[in-house]
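Spelled out from the first residue to the last, the chains are:
There are 4 protein chains.
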Amino acid sequence: MSKEKIKYGIIGSSGRLGSEVKNIFNEAEYDLAFQFDIDNEILLDKPDLLIDCSLPVVFEKTLAFQDKFKSPLIIATTGLSDQQMQLLKDLSIKYPVVQSYNYSTGIQVLLKLAEIAYGKLNDWDIEISETHHRFKKDKPSGTAKMIQDVIKGKSVNISSLRLGNVAGDHTISFGGLGEVLSITHSATSRRTFAEGILKSANFIINKKNGFYSFTDVIFNN
Amino acid sequence: MSKEKIKYGIIGSSGRLGSEVKNIFNEAEYDLAFQFDIDNEILLDKPDLLIDCSLPVVFEKTLAFQDKFKSPLIIATTGLSDQQMQLLKDLSIKYPVVQSYNYSTGIQVLLKLAEIAYGKLNDWDIEISETHHRFKKDKPSGTAKMIQDVIKGKSVNISSLRLGNVAGDHTISFGGLGEVLSITHSATSRRTFAEGILKSANFIINKKNGFYSFTDVIFNN
Amino acid sequence: MSKEKIKYGIIGSSGRLGSEVKNIFNEAEYDLAFQFDIDNEILLDKPDLLIDCSLPVVFEKTLAFQDKFKSPLIIATTGLSDQQMQLLKDLSIKYPVVQSYNYSTGIQVLLKLAEIAYGKLNDWDIEISETHHRFKKDKPSGTAKMIQDVIKGKSVNISSLRLGNVAGDHTISFGGLGEVLSITHSATSRRTFAEGILKSANFIINKKNGFYSFTDVIFNN
Amino acid sequence: MSKEKIKYGIIGSSGRLGSEVKNIFNEAEYDLAFQFDIDNEILLDKPDLLIDCSLPVVFEKTLAFQDKFKSPLIIATTGLSDQQMQLLKDLSIKYPVVQSYNYSTGIQVLLKLAEIAYGKLNDWDIEISETHHRFKKDKPSGTAKMIQDVIKGKSVNISSLRLGNVAGDHTISFGGLGEVLSITHSATSRRTFAEGILKSANFIINKKNGFYSFTDVIFNN
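Protein chains in written order, with this note's numbering: chain X, 282 to 502; chain W, 282 to 502; chain D, 282 to 502; chain P, 282 to 502.
In case anyone wonders, no lab produced these hints; they're calculated from the structure.
Do not rely on the hints blindly, as some may be mistaken.
Each pair may be met inside one copy or between any two copies, as identical chains are not told apart.
Stated by the list, open to error - With a Cα cut of at most 25 Å, we get these calculated DMTMM-like pairs of lysine to aspartate or glutamate:
| hint | residue 1 | residue 2 |
| --- | --- | --- |
| 1 | LYS303 | ASP371 |
| 2 | LYS433 | ASP312 |
| 3 | LYS393 | ASP450 |
| 4 | LYS401 | ASP419 |
| 5 | LYS393 | ASP497 |
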């Protein structure tokens with residue numbers, strides 16, 4: 282390993298997101314120093330930062346590894362309990378932590394644009410719609426709820442469509458008398474989430490202790 | 282009046298649709314021979330065909346005028362009762378009658394395309410969505426239900442959005458594993474309905490007695 | 282006229298936009314104090330502000346009326362010459378002036394959102410597309426060029442579609458590896474431009490001398 | 282191998298499309314009897330049908346294998362020369378042959394719908410647009426040209442957009458005075474092409490000699 286490269290560790294290294302993360306980080310000339318999976322643990326070196334792409338059941342292990350490495354943590358696990366979130370916030374007093382349920386840059390930009398548009402068009406009608414593959418059971422999607430949360434003080438209808446194997450489309454539309462303004466995001470591959478985690482790595486490596494969202498990564502750096 | 286021109290009568294002549302009909306028929310060199318409205322009745326000549334753009338409450342008057350003129354009838358009134366529909370069908374034994382709740386050519390084509398697509402993609406997921414102005418109270422729209430009726434033997438979800446003063450958008454989407462096919466219709470002005478009535482007039486003038494839909498006008502001539 | 286009402290004058294009062302402006306201002310309880318048109322000039326009272334919805338050939342008249350009333354000026358005339366623009370800027374040293382080629386609030390918001398998105402997604406591919414009625418001869422639309430101007434330092438392709446009587450749709454899309462973000466504006470009626478002029482009136486009435494764009498009206502008040 | 286299973290051979294077996302074909306045919310309980318690739322040739326049994334997912338340079342080899350196996354042929358190679366096409370047509374006198382440049386079912390349905398819509402809306406304006414990944418060099422796409430060919434006797438504009446890694450979107454829009462009708466196809470994965478080849482296999486196995494398109498597979502069986 283060259284001296285300049287940043288060493289990273291990954292938990293959930295062989296999952297679909299974990300595999301993409303390793304591809305992307307490799308291209309970006311990060312060094313894989315540690316990986317952990319259900320039937321695999323390889324420690325080559327002490328990592329400078331730790332990434333968790335696994336599941337809530339692994340969370341305790343993740344905290345133990347972080348305690349061992351004393352490194353910043355990026356957590357991409359979805360479905361954390363309130364208690365687990367609190368443990369992350371406690372940890373962020375001593376270490377920089379980035380946590381998000383969606384590491385897509387485009388979705389972060391959509392959330393920001395929706396907020397700005399709402400500030401100017403708050404008396405217009407608003408509709409959110411989302412389309413996902415037929416196998417997605419939850420309605421509406423978590424991301425649609427994130428968009429809904431941006432429209433403060435207003436109850437906004439969400440339409441959910443289930444079609445084939447659509448990766449994920451989200452639209453927020455504002456309708457005035459005489460015009461409609463819409464913002465649409467379409468995901469086309471998982472790679473985009475791995476790239477968001479890379480951006481988070483570049484962000485966190487020089488940050489002070491604290492609890493950061495992916496919105497901070499995109500907009501406050 | 283020149284001998285070649287076709288003479289038409291119109292009931293509901295001063296309403297929004299009736300006014301558009303008169304503009305369009307005038308451009309098409311039809312002659313206005315008779316008009317009737319709530320505070321107006323002008324008979325210049327016996328019409329060769331009769332058009333009703335009024336309301337269900339006027340229906341009895343319409344039948345009386347038709348009986349007087351012995352002419353083919355085009356009826357664009359929405360919200361007819363079952364009994365009124367039956368009277369129209371009885372009438373169609375002796376005269377040609379065209380009846381529809383939507384005289385948009387594009388919607389007729391959409392219905393036909395949806396039917397053909399469903400024949401080939403019947404194991405794909407199907408979603409219908411419609412967007413209308415905020416003042417539209419019924420959900421889903423009558424046209425969305427017409428689209429739903431085309432998908433025989435399958436229960437299809439309809440998403441209804443209400444935005445500003447959108448005239449009316451309808452989409453039916455078919456989703457397979459690896460592709461999505463969508464058919465979308467957007468209405469931009471009332472003129473299109475008047476043009477559909479003109480097509481119905483050109484259709485009915487040489488037809489035998491019978492009960493015709495606007496689908497017949499577009500596809501079976 | 283009640284004391285609280287603001288008195289306005291309008292040049293080009295009987296045109297399509299002028300007529301909408303009078304409707305909207307009437308609903309907003311402004312008082313029509315002065316109107317001027319090709320064959321009509323009615324002065325009821327000295328207006329508190331002057332609106333020009335006419336054509337470049339009338340521009341000299343407009344300046345003469347402004348000089349007479351000593352009032353703020355909102356100018357919605359399109360196709361002004363460079364010299365006429367300079368005269369407006371000179372005038373704005375002594376009076377508040379609002380000038381824009383597009384008084385749609387939604388387009389202003391789209392321009393702002395496009396600028397913000399570009400700041401975050403400047404290495405993504407960008408495409409602009411616009412759809413207008415078949416009678417529109419210029420390609421691309423002036424509004425599409427306004428969107429293009431927001432994307433500084435990058436040459437962005439514009440696709441122009443001409444379909445039926447579409448009032449005007451504009452989309453800017455940003456494409457990354459794995460996601461697409463699009464912002465779309467659809468105009469559905471002229472009323473929206475009249476409402477933008479009303480917002481400009483509410484904005485200008487208390488402003489200091491200066492030259493303001495409609496962007497200032499929407500974002501800097 | 283069970284007696285009931287159909288045995289297939291594949292040329293270009295390790296390419297991206299060839300690999301998908303093997304997955305799909307395996308799920309459909311076909312038996313892989315023969316595979317050929319640049320550095321690999323495995324003959325387990327004489328195949329009942331032969332599929333070519335390779336390149337024009339391999340075409341002569343393909344004809345030689347077909348001559349050896351005396352089997353029906355499905356050819357998915359793109360960019361065949363006129364001479365190669367003629368050889369396929371000659372071959373189809375003695376064997377059933379399916380040839381297409383696009384084995385997506387949805388695109389076939391779009392082509393059929395576009396043809397039907399054009400029959401009813403031939404005086405409307407027509408626009409075609411296509412969006413593909415930034416790496417696609419040809420403009421417009423071959424599929425867009427296939428759509429254009431359906432609109433006989435009319436020159437239709439094609440708008441080409443290049444964005445991120447979009448797999449392929451195609452839209453044909455018909456615009457009348459007062460309405461717009463659009464048909465859109467979005468590809469989301471290569472799997473759909475492999476499924477089209479499976480449909481072609483099920484089609485060809487019981488067909489008489491002849492030259493068939495994928496349109497025949499979808500619409501004339």
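Tested hints:
In this assembly of identical chains, the alpha carbons of LYS303 and ASP371 never lie at most 25 Å apart, being 28 Å within a copy and 51 Å across copies at closest. Proximity of LYS433 to ASP312 under the C-alpha cut-off of 25 Å is found in neither arrangement, the shortest distances being 42 Å within a copy and 36 Å between copies. In this homomeric assembly, LYS393 and ASP450 come within 25 Å of each other (Cα to Cα) both inside a single copy, at 17 Å, and across copies, at 23 Å. In this homomeric assembly, LYS401 and ASP419 never come within 25 Å of each other (Cα to Cα): the closest approach is 32 Å inside a single copy and 29 Å across copies.
For a Cα distance limit of 25 Å, the shortest separation of LYS393 from ASP497 qualifies both inside one copy, at 11 Å, and across copies, at 20 Å.
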